[in-house]
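Colleague: The primary structure of each chain is shown beneath.
2 protein chains.
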Amino acid sequence: MEKPLILVTNDDGITAPGLRKLVAIMKEIGDVVVVAPDSPQSGMGHAITIDNTLHSKQMTIDHEHGAPLEYSCSGTPADCVKLALQELLDKKPDLVVSGINHGSNASINVIYSGTMSAAIEAGIEGLPAIGFSLCDYTWDANFDGATEAIKTIVQEALTNGIPQGTALNVNIPKTDGKLPKGIKVCRQAKANWKEKFDKRFSPSGREYYWLTGEFELLDKGEDTDIYALNNGYISVVPTQFDLTAHHAIQTINSWNI
Amino acid sequence: MEKPLILVTNDDGITAPGLRKLVAIMKEIGDVVVVAPDSPQSGMGHAITIDNTLHSKQMTIDHEHGAPLEYSCSGTPADCVKLALQELLDKKPDLVVSGINHGSNASINVIYSGTMSAAIEAGIEGLPAIGFSLCDYTWDANFDGATEAIKTIVQEALTNGIPQGTALNVNIPKTDGKLPKGIKVCRQAKANWKEKFDKRFSPSGREYYWLTGEFELLDKGEDTDIYALNNGYISVVPTQFDLTAHHAIQTINSWNI
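Line by line, the protein sequences are chains A and B.
Position in the first sequence counted from 1, then plus 20, gives you my numbering.
Position in the second sequence counted from 1, then plus 20, gives you my numbering.
The shape of chain A in the complex, shown without the other chains:
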């Protein structure tokens, strides 16, 4: 039986340990091609490069553990997927996986997530796609606890497909190598970021800001991704790119417009 072709990308860049781990796991399941940003693209949301040129370079990161075919790309995660599908791959992949992100993409973070933008871009192109994130922002995060669950989810996705019009947002609790308690299918928790701008002055006296903030959970539901993660479970949220708030159409239709 032919092995499935799996495209791996991310937003932390082609050398990120989380991506190297995902490549290692995917090599046990299929033929792997990597097309990933040449530099970190965190917080890029669903950005694409339309007013600038894109560069791509075939490269080898790790002779022993890498994929046989890897490309770095100067663009965003969504650019990587577009370039892979249209230019770099000989055939359509059976699955697109993005990550493993260093940091949570649960709840409202999905909106700002480069990791998930790659998965959603693949979903828009009609391909099964999954974004994986570990709730640990450090570069030397321990991804070992996630290995078995990632394998299981990917194998189920390859067997069953993923519902049309969706991509999966998988977040994994920080367990420092221990196994999470299990996997929960969830909805996105309602939340936002309480921003705080750290205002500073450059040596020449020019004002500038660093964006910082605190995550503010506005949701007491026990069926949310945050609830699952806080209780030691992996969260799986099917996310969609039809942003229509169907329930609001009737309300707006009652306006005098």
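In short, the hints are calculated from the structure, not lab data.
All values reported here derive from a predicted model rather than from experimental measurement.
Be aware that one or more of the hints could be misleading.
Which copy is meant is left open, because identical chains are indistinguishable; a pair holds if it fits in one copy or across any two.
Okay, derived cross-link-like pairs now, BS3-like style, lysine-lysine, Cα gap no bigger than 25 Å in a straight line [unchecked claim]:
id: 1; residue 1: LYS214; residue 2: LYS111
id: 2; residue 1: LYS216; residue 2: LYS112
id: 3; residue 1: LYS77; residue 2: LYS216
id: 4; residue 1: LYS214; residue 2: LYS112
Given chain A's structure and the hints, the job is docking chain B onto it.
Modeller: Relative to chain A, chain B alone:
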């Protein structure tokens, strides 16, 4: 009666004619503050600046027709909204409007849209927000046909509020100054971009790409934004930032995970 405070932003940059037009229209309705990118940010999706500093500068673009208070910001449209709400404004605005974008943000374009990311960011912060886009990519696009409809929609939004958890995506057909046929509340049409990468070589022989593509409509519905626009109507789509595909949760729950 106190005038409403309206924050105006966009993704084409603070000098874009579409923003200047929106400022002029909003000045007839309320007190206007502008916080907009200092350079074009089209295609930025919901990007935010987390690995770099942000700069902001108070400035005057047009003494006669501008807003009394305008700031340019070095960040993305979502950054502009965050910075405005947390640092630059003295009080919460009653409404946030983004645009008028030079080019369509209907259908799947909403995903890549900097214009809509600003509106959605404001929505996440709990504020009524609307993104306006004209289906004309040129810098000297004629926005005159849109004036009355924009006024009407903004006044209705100020009167009724906007349904919680949504922001409005308003697209206006290219009419070269003539009035559109009317306003339709719609759902987002199913579509994608058939990418084509224009491969070129630099003078030194290095390969590079320009992203180009053709819009591919995959939806025959007569209740979509594209259908409305193609028939000369303004489309209003309530968009949401809860990306959960609730209908898919049951399907994934049947997996063996």
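Colleague: Confirm or reject each hint.
Modeller: Structure-based check of all given hints:
In this homomeric assembly, LYS214 and LYS111 come within 25 Å of each other (Cα to Cα) only across copies, at 16 Å, whereas the closest approach inside a single copy is 44 Å. Taking the shortest alpha-carbon separations for LYS216 and LYS112, only the inter-copy value of 15 Å comes in at or below 25 Å, while the best intra-copy value is 43 Å. For the homomeric pair LYS77 and LYS216, the shortest alpha-carbon distance between copies (18 Å) is at most 25 Å, but the shortest distance inside one copy (38 Å) is not. Taking the closest pair of Cα atoms, LYS214 and LYS112 come within 25 Å of each other only across two copies (14 Å); inside a single copy the shortest separation is 41 Å, beyond that limit.
Going through the hint list in order, the structure satisfies each hint without exception.
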